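Protein chains: 2
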Amino acid sequence: MPAKLASSMIAAGFDSPGGPDVLRAETREVPAPGPGEVLVKVAFAGVNRPDVAQRQGHYPPPPGASPIPGLEISGMIVDLGDGVDAAMLGQTVCALVAGGGYAEYCLAYAEHCLPVPEGLSLAEAAALPETLFTVWHNVFERGYARDGETILVHGGTSGIGTMAITLGRLFGLTVIVTCGSEAKCAAARKLGAAHAINYAATDFVEEVARITGGKGLELVLDMVSGDYVPRNLKCLAEDGRHITIAILGGSKAKLNMAVVMMRRYTLSGSTLRPRSREFKGLLAQEIAREAWPLAASGELRPVMDRIFPLADAGLAHARMEAGEHIGKIVLEVGGEPE
Amino acid sequence: MPAKLASSMIAAGFDSPGGPDVLRAETREVPAPGPGEVLVKVAFAGVNRPDVAQRQGHYPPPPGASPIPGLEISGMIVDLGDGVDAAMLGQTVCALVAGGGYAEYCLAYAEHCLPVPEGLSLAEAAALPETLFTVWHNVFERGYARDGETILVHGGTSGIGTMAITLGRLFGLTVIVTCGSEAKCAAARKLGAAHAINYAATDFVEEVARITGGKGLELVLDMVSGDYVPRNLKCLAEDGRHITIAILGGSKAKLNMAVVMMRRYTLSGSTLRPRSREFKGLLAQEIAREAWPLAASGELRPVMDRIFPLADAGLAHARMEAGEHIGKIVLEVGGEPE
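In the order they appear, the protein sequences are chains A and B.
For what it's worth, the working numbering labels the leading residue of the first sequence as -12, then goes sequentially.
For what it's worth, the working numbering labels the leading residue of the second sequence as -12, then goes sequentially.
The shape of chain A in the complex, shown without the other chains (with noise of 0.2 Å):
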């Protein structure tokens, strides 16, 4: 750990919204730690959906964020604010950041941290918190989903839909995945999914019909929204849930009350970045209790699709926005340590 830490970073960052190519490296001031906060040296900068929203200018950061994009971290914690348990100081973790993750150095709070456990690389490490927290609120929190459930998540192979795999296979969840491509489906399935759907090829709603024997299952994990949602409706049993975690297909949805009523569904969806400090220390007090022993154990692992340096973060988005990544997308920037 160095005895003065530097003034300044790199970071990726952008004047103006717009596409890939305005994301460019930038000077900044490493920021200084508050009280409860860590700042950590970044070794690798998960990619997420909305770090490309908030590039297009579609998704601003809430009040007090770092401008700078990048909502995941893993590094050594190299400084301390005021009330932060002094056997931080050197710790190697991940952690689930409101912005500034593309940068060289920074902050998170103190309770927002998972040690990064033996056996786990930091690259790994930091394509974890994003898609873990999202993922366990949703569907185990919001969603409700219990051990012989099963689960329709949409997007099967991006960051969301192998988490939902892998987390689904390791707490007893019978998973669905649609995928644009046999490949995907391929993938999805060697991943752990039960079944891919391809939806360019096979309507989704028949074949989940199908497979359940008519039944229909229990959640659906939804990303796409639009007119997915009565068709999403339509796959579900009685007392079926469904989350919205993105709605990449468009807001508007027309929904039939009367089914909803005597069907008994219940819709409801979230987004993580805007909660509160508290209710981030909360979930991450559950994951590191019930979730992050599989990380220590091996079993938990994020499937990882490409790692760009952080100078490249613009190509990093374009293959995001291309849909051509299979598992994280994750920044070099310090990288590995020696």
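It is possible that some hints are incorrect.
A pair holds if it fits inside one copy or across any two, identical chains being indistinguishable in the list.
Here are the simulated DSSO-like cross-link-like pairs (lysine-lysine), alpha carbons at most 30 Å apart as the crow flies [said to hold, decoys possible]:
(1) K177 <-> K221
(2) K202 <-> K177
(3) K241 <-> K221
(4) K202 <-> K221
(5) K202 <-> K239
No lab work stands behind these hints, which were simulated from the structure alone.
Every value quoted in this text rests on a predicted model; they were computed, and no experiment measured them.
Once you've looked at the hints, dock chain B against the given chain A.
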């Protein structure tokens, strides 16, 4: 209690769906209680919207239920099926039933009966189960209403609306209702509604915003649906819940799923009649424990609109369809004991 039961009885039924005048007296066999059932000599039967929908042909009875309308009754238990505690014979109860209430005798499951406490008339007792079970489940269980929260209820002077006002007042909720006239608004306020909005004169979305200082409220109990749904959602604070229990304004609703997701709304709903015997038994247990002591103490009373003789069931339906009632419409069958 008669030494020997009559073998036939008068009921109010209909041959083919239609207007209120299709209801007419018919003679039926007195049903015999099966295992776990009791036979009630009906004193009064409550009239509910689903009875009207059934008579119109829109809401057929669930499999196994009587074709005679009527979802709630009061009266004396005069016969027991196998396995029912002998102490129930001769008890005066009210009960939720899956049909058959508009008749001199009606079957109920023993665990769906609540004893009529001293001070509660049998006419009032027959007016409680359907709205009490419906509001309790949807507001407190499905809608997670908690002390101090604010709830919007449409149809403030309906049976459901008046029960929601009453339970809200007893359990620490602030209840805002909408009604179709100043007279109904005044009646709702007198019952304990914190605010009553005349929807014919005022936009309820603007009124709720004004009342809540722009913050919105926690729960909407909706029986209108259709184009009320997006307007209801505009009344909700973050994490708000929207519970549909009827679709009097039509079933088709247009939703903005981005708003559902970003404000973390939950939409759900239910109907009571098709639920399992077990579910209704558990609900009755909870109500017996949490709400029924307030019926015994005199704090929980239904709002009584008018009592019609069983022979005038058609007039009772016509009154409900005209929306003239404030509170519950009840049919007198055997009437109060001498």
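Hints violated by the structure (numbers, ascending): none
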